[in-house]
Amino acid sequence: MDAKEMIKIDNLNKSFGDLHVLKNINMTVYDSDVVCLVGASGSGKSTLLRCLNFLEKKDSGKIIIGEREIIPGTHNLNKVRQKVGMVFQHFNLFPHKTVLENIIEAPTMVKKIPKDQAIAEAKVLLSKVGLEDKANVYPSKLSGGQKQRVAIARALAMEPDIMLFDEPTSALDPELVGEVLTTMKELAEEGMTMVVVTHEMGFAKEVADWIVYMNEGKIVELGKPEEFFNHPKEERTKEFLRTTMLK
Amino acid sequence: MPSLAHFLHILAETKGLFLNALLLTLKLTVVSILIGIVIGLFFALLKISKFKIAGFISDTYVYLVRGTPLIVQIFILYFGLSGIFLLPDFWAASLALALHNGAYIAEIFRGTIQSVDKGQMEAGRSLGMTKALTLRRIILPQAFRRALPPLGNQFIIGLKDSSLAAFISMNELFNVATTLGSNNFDEMTYLLIVAVYYLVLVALMTFVVSRIEKSLAVSDR
Chain A
0 MDAKEMIKID NLNKSFGDLH VLKNINMTVY DSDVVCLVGA SGSGKSTLLR
50 CLNFLEKKDS GKIIIGEREI IPGTHNLNKV RQKVGMVFQH FNLFPHKTVL
100 ENIIEAPTMV KKIPKDQAIA EAKVLLSKVG LEDKANVYPS KLSGGQKQRV
150 AIARALAMEP DIMLFDEPTS ALDPELVGEV LTTMKELAEE GMTMVVVTHE
200 MGFAKEVADW IVYMNEGKIV ELGKPEEFFN HPKEERTKEF LRTTMLK
Chain B
0 MPSLAHFLHI LAETKGLFLN ALLLTLKLTV VSILIGIVIG LFFALLKISK
50 FKIAGFISDT YVYLVRGTPL IVQIFILYFG LSGIFLLPDF WAASLALALH
100 NGAYIAEIFR GTIQSVDKGQ MEAGRSLGMT KALTLRRIIL PQAFRRALPP
150 LGNQFIIGLK DSSLAAFISM NELFNVATTL GSNNFDEMTY LLIVAVYYLV
200 LVALMTFVVS RIEKSLAVSD R
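If you read the sequences in order, they're chains A and B. Heads up: the first sequence is residues 0 to 246, going by numbering that gives the first Met the number 0. Heads up: the second sequence is residues 0 to 220, going by numbering that gives the first Met the number 0.
No wet-lab data here; the hints were simulated from the structure. Treat the hints with care, as some may be off.
Straight line, CA to CA, 27 Å or less: simulated DSS-like cross-link-like pairs of lysine-lysine [to be verified]: (1) LYS26(B) / LYS111(A); (2) LYS122(A) / LYS140(A); (3) LYS184(A) / LYS22(A); (4) LYS117(B) / LYS130(B); (5) LYS78(A) / LYS14(B); (6) LYS49(B) / LYS78(A); (7) LYS130(B) / LYS82(A); (8) LYS78(A) / LYS3(A); (9) LYS111(A) / LYS82(A); (10) LYS49(B) / LYS140(A); (11) LYS14(B) / LYS56(A); (12) LYS213(B) / LYS111(A).
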């Protein structure tokens, strides 16, 4: 591969008490790749994602972001996180701030970008996610789909190299899922490196470069979408696809 | 019971005397609440800190203050400490009230800070904000807003508790009322008058707090 390695995970382990949620995870994400993590609830995919921006502390193994292994306590995680955007299942917008204030918060407070410039950039991002008319609205006045698109714009405002999505459409009404997936698809087409935990198999099939199927804390199968969906190798993958595709 | 006419007559006649007392009561209340908010926030932050010793210090403070009567605390600051240094009566009363209110306000803030969804902290951290910055910019503003109704309640208690400053001879509302009442052999009238003053102050305070609540409620979900 000549593409640049953006994330490399080497023998990652993580337990919550007695529960071993991630077992010897090895994975590499290359520049501009879209990787979809799929699997049943409790398979460890969200925990894996959260380990990638250190919201969850690994027990052992290596996480390399860009060229460096990131060691909490040694490296400034705040600097790392500026380069790794995250979108949450429940949006986590700041309810006491308007849409615009949500987006400019980190650029102005962390990167110290002048407010005028941050606002101008935020407006570009808002029009990109189709919400330029909502700049001065509070999150409580938005639909779930709009909230999630604002959350995406907020993460993009830090100009990350990598975007992590933790079940971004799971909390949405079915009719609002499409608008968020469209925004994500556009982002993928622009070449953003993305790791997406999702139950949306249609999106995974269409947009992902790689599908990673996890079960009980292990990566069971990793493949290109056409192989993964049409010719899965592992018995457990076939079983998973049978049950999820039946819906 | 005094007649209404008598009550109104005395009320009008003594308003000059009570005005100074009212101002002193207000000063005691406002100063002690402001300092109490700072103390309360400080101990609330200690309590939620990841350092066990900080939590222990906060718990101890709250226990000591809540576990002893306010009048004892005022007397300790005014009479008890007088051998070491003499606090002016205003500051003895204000600080005792502030330390006292601070313990209750600490518990209010701790509760509302912890009631903010933990996703808010995660969102801030995921954007590269430090814990302190996220706390200051994201968590505390939301916690303050939620703290307002119980804070308003605490302010009312603080206002009425300021009457205990009478016992270190401060000429606040209650002291003036009891002094005038016994001098004129007319306790009931003066006690009713001072009750009216407190009721008006509490009504004003309730109004101000509810205005602040409304002005901050623009974004409520």
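Compare the structure with the hints numbered earlier in the document and write down the numbers of the violated ones, lowest to highest.
-> 1, 3, 5, 10, 11 and 12
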